[in-house]
Amino acid sequence: MNILRKKLLPYLLLTPMILVMGVLVFYPITATFSYSLKRWKLTSPGDIHFIGLQNYSSILESDSFWYSFQNTLFILTAVVLLTSVVGFLTSIFLHIEVKWSGILLAIAMLPWALPPYVNGILWKFVFSSGYGFLNKVVIGLGLAGQPVEWLNSRRALLLIVSLVVSWRSIPFTALVCLAGRQSIPGGLYEAARIDGGNRYTIFRRITLPLMLPFVAIGITSASVTAINVFDEIIALSGYNDLGANLLVESYLTTFSFLDFGKGSALTYLVILFGTVLGGFYLRSMNKEVDY
Amino acid sequence: MKRKLISTLLVLSMTAAVAAGCGGKDASDTDGNKNPSAEGTTSKDNSGGEGDHITFMAPDWAIPTEDQLEAFTKETGIKVTVNEVGWDDIRDKMVTASAGGQAVADVVEVDWSWVGEFYAADWLAPMEVSDEMKEDMPTLETFTKGGHVLAIPYANDYRLSYYNTKQYEDAGITGEPRTWDEVYTNCKTLKEKGVCEYPFALPLNAEEKTSTYLMWLAYTMNGVVFNEDGTLNRDSVLAALKYEENLIKDELVDPADKTSSGMDTYKRILSGSANFLTGPTSFVSKSTSEEDCSVIGQIEPILVPGKDAKSDVTMALPEALGVTKFSKNKDAAREFIKWYTSSEMQEALNKSNTAIPTRNSVLKKLIDNGSIQNAGAMLEQAERIASPFPGGIPSYYAEMSHTMYNAIHKMALGELTAEEAYAEMDARIAELSFEEAYE
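Protein chains in written order, with our numbering: chain L, 970 to 1260; chain S, 3 to 441.
Worth flagging that the hints you see were computed from the coordinates, not collected in a lab. The reader is advised that the hints may include incorrect statements.
Claimed, not checked - Mimicking EDC-like on lysine to aspartate or glutamate, the simulated pairs with C-alpha atoms at most 20 Å apart in a straight line are:
id : chain 1 : residue 1 : chain 2 : residue 2
1  : S       : Lys327    : S       : Asp69
2  : S       : Lys327    : S       : Asp314
3  : S       : Lys412    : L       : Asp1032
4  : S       : Lys327    : L       : Glu1118
5  : S       : Lys168    : S       : Glu143
6  : L       : Lys1007   : S       : Glu438
7  : S       : Lys353    : S       : Glu293
8  : S       : Lys288    : S       : Asp310
9  : S       : Lys412    : L       : Glu1118
10 : S       : Lys136    : S       : Glu438
11 : S       : Lys195    : S       : Glu210
12 : L       : Lys1007   : S       : Asp159
13 : S       : Lys367    : S       : Glu337
14 : S       : Lys195    : S       : Asp266
15 : S       : Lys340    : S       : Asp172
16 : S       : Lys195    : S       : Asp172
17 : S       : Lys269    : S       : Asp231
18 : S       : Lys95     : L       : Asp1200
19 : S       : Lys309    : S       : Glu437
20 : S       : Lys340    : S       : Asp69
21 : L       : Lys1105   : S       : Glu382
22 : S       : Lys288    : S       : Asp159
23 : L       : Lys1093   : S       : Asp69
24 : S       : Lys251    : L       : Asp1032
25 : S       : Lys366    : S       : Asp159
26 : S       : Lys190    : S       : Glu253
27 : S       : Lys190    : S       : Asp252
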């Protein structure tokens, strides 16, 4: 009886979490997949039926999907690059002990606390062609006679979106990297210096390799953020095709055009994209680090 | 043993809490009526005597005063719980609730652009209206689909033109513009004489106002926008697109209009940075408000120009109230809408909420007694309201509008010519109208 109890107890304790995961994660994922296999437009309530993979093929054949996929890839690449490089460098600077270290750290973390939509609105005040701060600076310095339309070209808009998203995600990467930097034993640096290592060698042979797993965590977080960008895009350019990524496309299809079938298929493609990326990161993160 | 028992009880209680939290039962009041007071909304419960109880979901500008609601309850015995929700969120909440077979509220705000999809999805209960009301309320046509009136308009918003008379005098231009060609020529004169750098206020950002502007420009210019089958009328829409393209090329439109919100673009006339606007009726009161306008006394509301003379038609973008199909209190909800859109209430709501009446008789009364000042051609224009949609608002309106404003925005950025922009929107709208007709 005791053995049975011992065997049952772990499962019993896990039950609440299994239920939570089941109801809030697995059920929606399964239901969304079943919707994606149906023709299901809310404006045709009498015409909901199974159509197999037709929603997927229709999406993959559409120009708008590939356009927004390219936008997603651009934002992903730019955000990951900016976040990992700037986040890493910020952590190195934050590691230097000065009188105001605590305050500097708190200031550096501020953008992380901003809600994404507020972040977007804030930057809209900077880049707006009519009343933007940047145009006031550029015109004030005599660098341009007319206001520059920063948000009116695809590349510029995507670059600005990436910059704005990175600004919000850099603090987390910096914080993780700072924790990583602080966890490197001081003895390693002392030994390296005794062995004649200069600053560059110490950085390349000790700091960089030992901090890589922490950078990888930052990259994973930045990637998830970059794929899921929505609020900043809407705040900066609305439902403009120029800046639309997969998530905006999915939202429009599902909630604006009321096509739940196709919208669910699009959501699944985003999930698939995220899963492939996540798998890749997990594999690279599993490499062990020996101090 | 005691610790194990406590652990087991804790696990069971957590499981029960999760199950309860995930339950699908609706919040109900003691009468069993739905009370969908949603997160992010504010609600007020109007206490009253015994009787029906309804919920009313609307944006802030549609909410009656406490006194008005109390008077309604006293008169009918119907209690009203008001859910004040941001306009943008109402459609999303309606979609989510209706897709699940629930009533988001008994009485709900219905924007003119939602009518087609709400009708196709069968989310609104039909209303009954008298012939007198049909006669007095021209915007009812917008909310009529398949022979059914789906909602009763309460806030009138139709397109009216405005121009700055002082700038015309400064540029030596006499008389108000009567045709779109005159508007164009006068704008060029204003620019050339240095009176106004960007005289034409034209929304060009990728948003709803950009599509509707093209619709009423084509409608007032040529009297038609869509063919009977729902496709675009090539001659009319292409002419309107070319008109916009020329305005952009001749720099008569502020480059900032490409990224500003449509409302910010409209507001340029209130500061004198634009001379001509065809826009909402609310600008009649804005043009006399010291808070909103820096050129008071200079803006005159006039009839919308046409091709050879003033246009015979104008487009309305009104807001209405409808009864949700899943409401369990339809009769009480209809009673509320009847009261809300009555002549007396339209007059009262103009005073309390500055709502422009949808009944022409009330509008006339308010203009005549001076409640609405600087009305100009407001009343005459109201009598020319007509719908550019031959079969009513289509169910694919949202996607159609999205396609239109993106194509116009690309034209404004120089990525597409007027012909290319037309081809882009025409192809998609033809597909959508075909799907609606045959699927």
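We went through each hint and held it up to the structure:
no., hint, verdict
1, S:Lys327 to S:Asp69, "violated (29 Å)"
2, S:Lys327 to S:Asp314, "violated (37 Å)"
3, S:Lys412 to L:Asp1032, "holds (16 Å)"
4, S:Lys327 to L:Glu1118, "violated (47 Å)"
5, S:Lys168 to S:Glu143, "violated (37 Å)"
6, L:Lys1007 to S:Glu438, "holds (18 Å)"
7, S:Lys353 to S:Glu293, "holds (18 Å)"
8, S:Lys288 to S:Asp310, "violated (30 Å)"
9, S:Lys412 to L:Glu1118, "holds (14 Å)"
10, S:Lys136 to S:Glu438, "violated (28 Å)"
11, S:Lys195 to S:Glu210, "violated (33 Å)"
12, L:Lys1007 to S:Asp159, "violated (39 Å)"
13, S:Lys367 to S:Glu337, "violated (25 Å)"
14, S:Lys195 to S:Asp266, "violated (25 Å)"
15, S:Lys340 to S:Asp172, "violated (50 Å)"
16, S:Lys195 to S:Asp172, "holds (9 Å)"
17, S:Lys269 to S:Asp231, "violated (36 Å)"
18, S:Lys95 to L:Asp1200, "holds (19 Å)"
19, S:Lys309 to S:Glu437, "violated (33 Å)"
20, S:Lys340 to S:Asp69, "holds (18 Å)"
21, L:Lys1105 to S:Glu382, "violated (44 Å)"
22, S:Lys288 to S:Asp159, "holds (14 Å)"
23, L:Lys1093 to S:Asp69, "violated (41 Å)"
24, S:Lys251 to L:Asp1032, "violated (29 Å)"
25, S:Lys366 to S:Asp159, "holds (15 Å)"
26, S:Lys190 to S:Glu253, "holds (9 Å)"
27, S:Lys190 to S:Asp252, "holds (8 Å)"
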